[in-house]
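Asks: Starting from the known structure of chain A, arrange chain B on it as the hints suggest.
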Amino acid sequence: MKKSALQQGEAPRIGVYICHCGLNIARTVDCPKVAELSAAMPDVIVSRDIQYACSEPGQHGIKEDIAEHGLNRVVIASCSPRLHEPTFRQMIESAGLNPYLLEMANLREHCSWVHINEPEAATAKALDLVRMAVARARDLEPLQGSRIPLTKRTLVIGGGIAGIQSALDLADNGYEVVLVEKKPSIGGQMARLDKTFPTMDCSI
Amino acid sequence: MTDAGRHPRIKLLTLSEVIDVKGYVGNFEVKILKRARYVSEKDCTACGECAKVCPVVRPDEFNEGLSSRKAVYSPFPQAVPSAYVINIKECLGHNPVVCAKCSEVCEKKCINFHMSDEEVVEKVGSIVVATGLEPYNPKELDEYSYTRFENVLSSTEFERLVSAGGPSKGELIRPSDRNVPKSVGFVQCVGSRSARKGGEYCSNICCMNTVKSTLVLKEHYPDIEIKVFYIDIRAFGKGFEDLYRKSRSLGVRYIRGLPGTVIENGDGGIRVAVENTATGKIAFHDLDMLVLAVGLQPSKTTKKLQEILGLQLSPDGFFLEAHPKLQPVDSATKGVYFAGCAEGPKDIKESVTQGSASAARAIRLMHRGEIISEPATAEVDPEKCKACGKCVEVCPYGAISADSKRKIQAQITQAACSGCGTCAAECPFDAIIMNHFTDQQIGNQVEALLAEAPESKVLAFACNWCSYAGADYAGVSRLQYPPNVRLIRTMCSGRVDESFIWDAFAKAAPIVLVSGCHIGDCHYNNANLWTQKRIEKIRKKMSKLGIRPERLQLEWISAAEGVRFAKVMGELEKLRRQVSAEEIAETVKALAEKTGAN
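Chains as they are written, first to last, in the numbering used here: chain A, 1 to 204; chain B, 1 to 598.
Just to be clear, a hint being listed does not mean it is correct.
To be verified - Heads up, simulated DSS-like pairs for lysine-lysine below, C-alpha to C-alpha not over 30 Å straight-line:
hint: 1; chain 1: A; residue 1: Lys195; chain 2: B; residue 2: Lys139
hint: 2; chain 1: A; residue 1: Lys152; chain 2: B; residue 2: Lys304
hint: 3; chain 1: A; residue 1: Lys152; chain 2: B; residue 2: Lys31
Claimed, not checked - Computed far set for chain B versus chain A, every beta-carbon distance over 12 Å:
hint: 4; residue: Lys42
hint: 5; residue: Glu64
hint: 6; residue: Arg253
hint: 7; residue: Thr277
Claimed, not checked - Restraint-style ranges between C-beta atoms, simulated for each label pair:
hint: 8; chain 1: A; residue 1: Leu23; chain 2: B; residue 2: Glu150; range: 56 to 66 Å
hint: 9; chain 1: A; residue 1: Gln51; chain 2: B; residue 2: Ala278; range: 42 to 52 Å
hint: 10; chain 1: B; residue 1: Lys594; chain 2: A; residue 2: Arg27; range: 40 to 50 Å
hint: 11; chain 1: B; residue 1: Val120; chain 2: A; residue 2: Gln51; range: 48 to 58 Å
Because the hints were derived from the structure by calculation, they are not lab data. Values in this document were obtained by computation on a predicted structure and should not be read as measured data. All residues carry an ideal CB built from backbone N, CA and C; glycine is no exception.
Pulled out of the complex, with its shape left as it was, chain A reads as follows (with noise of 0.2 Å):
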């Protein structure tokens, strides 16, 4: 069993980045008054509103802070993390840090975006946000990932225009594709077309 980083002995340092996203996050959300806030929560080192943490400069300013401060663990609150999480664990590990030492808080598609009329309550609700945020990073622990092998092979399902281009540039640059079709050929709606749109040429 791994031990966490804090049996280890090492104690968390935390960086809170509250990001503006322009004014998607900042028209509703005071990310100044979130960050100020937050900098007062346990094991946070450093706290900053920024006005894109994705951008080049905003990641730069975060590296910055993780080698000036020895931060250990990043909460960046932002955008949902099914967009740019994975943005920000590559800047966190080419910071030095094990990727899975950054956190996530929603205040755009969760805060901002959907109490847009109700600006302290949506400021309210990112700080606590942000706070679990921090709560959670306290105790996340690095981990690595095994290399597992991986058949260069694609089915592509669909014997269509689409699938049939998908198999061609596949195959054509030296993958194997299997192309399945139910139909007794390819060629799918298209084969069906006399002539189409914008060349006005033959389909086939």
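Replies: Quick look at chain B alone, frame taken from chain A:
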């Protein structure tokens, strides 16, 4: 088409359907049902002698039933593979007394009635879903009299009539009298942009397909009169506006308004009444033929494939992409990509673009020849494991082994574990650690959430793939809901441990929601069935403790159900308002006593 048929690296399986997919990104095992062709693909030269002697005559589906074919046939002249095929349900059989005429005349002895369907297993690293579309069937929209009048055609039938390879060799003839029509009307948006019938979406191709058809007609029959009845013409693509202008300059009349009534006026003529919404006047148009520009619908195989591959659908029934702008050909399942109309209506150029894009995405995944596994998987704590075997029972992937009789502790195969966390939630001894979603990490979130004014908050657990994504979708759609809810993301609802819920109520949570993918849509096979069982069990225990079970809610919300997510949040807020401070205090006390008693 022929390039795909003869490419040395493309294995073409026709008459085939995917029936099962196992495994995970990089290592899928696909079971394919390959139906028998009854004609040797290798040996058949497509000489056609067999079809000449076949006595069975059937409508030719390739030509929309406007011509006939035999029970042994070639689907169309340029078919790939070119080999003939026998529709065995139509065939009279191989008993020589009955028929077998085809096999008698086939010099190469290609015909084999003993061929049988076979199951093929293929190992692949990635999957491209390009299942295409189904043209809308205008039968249900009978105000256009498609089923009643012979000379009202669908655009797919029209397409075959003007095709050089079609039943009339490219001559446009009326089905009723085989004369060339002097006037043709086109009705746009049939089965599209309608809240009532067909799809609510724009089918994307019908405007330009009609513009194309008018140009083809004007080329063949310069004097033909053409009228197009439309809502608005969407000629948005490169070069499209030119074609539209050309069509107008050739005298094609575009009339803004759809027919209200369609009647037959003798001799197979069609009379349509149309309110021209540009002039506000109602006019009658007498036409020799009326063509319904039908929309596109998802392929019939969509639903089945969605279940097999654990994919998601948009509200319009097409496959849902991982991101509408940034990942237009990725699915939410790693290693599975979309191309063409499977993802939504699109024209040939866009389908080709997506075909290439999906190939590039698949290559991006495969080119290294290995992938790094997701390390957020489960792990056994040997100090706590009692070898009871519960985890083995609940694991949706068969990734855990243990032997309760011989007291062999649980072992997890990391490569097979997908990280749903059901085992960690179900382990009675807390002996399984779900990495990146540990009890401690989630417990911290619950504690932080309820640290201040817990009575004003709703705690919602949401699974990454469906419910959390549904909440994202509500955000993208700017749907407004009460600001009291706070989400905790887990990969699967199966991860939500009973202890998290007791912990939340003990910390004065008024309402707790557990949400996940719909039953049957779970991204971890069927892990959410365990969620359901667990919630039912907890609610019974709540009743016994005098806690209203309504305070624990379970909802299935898909990634496309932003509207439903917002609605559920509104309902939860109503429930929350019904929970009084006294009720919360009693719960906290009851749970403290229970813990004390333990």
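Asks: The structure should be examined with respect to each hint, and the outcome stated for every one.
Replies: For each hint, the structure was consulted:
Under the criterion of a C-alpha separation no larger than 30 Å, the hint pairing Lys195/A with Lys139/B is consistent with the structure, at around 26 Å. Between Lys152/A and Lys304/B the CA atoms are separated by roughly 26 Å; this keeps the pair inside 30 Å, and the hint holds. Using a Cα cut-off of 30 Å, the hinted pair Lys152/A and Lys31/B holds, with the two alpha carbons roughly 18 Å apart. No beta-carbon of chain A is positioned within 12 Å of the beta-carbon of Lys42/B; the least distance is around 15 Å.
Its beta-carbon lying about 8 Å from the closest one in chain A, Glu64/B breaks the requirement of being farther than 12 Å from that chain. Distance check for Arg253/B against chain A: the nearest CB is about 20 Å away, which clears 12 Å, and the non-interface claim stands. Residue-level check passed: Thr277/B sits 26 Å from the nearest beta carbon of chain A, beyond 12 Å. About 60 Å separates the C-beta atoms of Leu23/A and Glu150/B, a value consistent with the hinted range of 56 to 66 Å.
Gln51/A and Ala278/B have their C-beta atoms about 48 Å apart, which keeps the hinted 42 to 52 Å range intact. Look at Lys594/B against Arg27/A: about 46 Å separates their beta carbons, and that is inside 40 to 50 Å. Checked against the given bound of 48 to 58 Å, the beta carbons of Val120/B and Gln51/A, roughly 55 Å apart, stay inside it.
Against the hints set out earlier in the document, a violation occurs for number 5 only.
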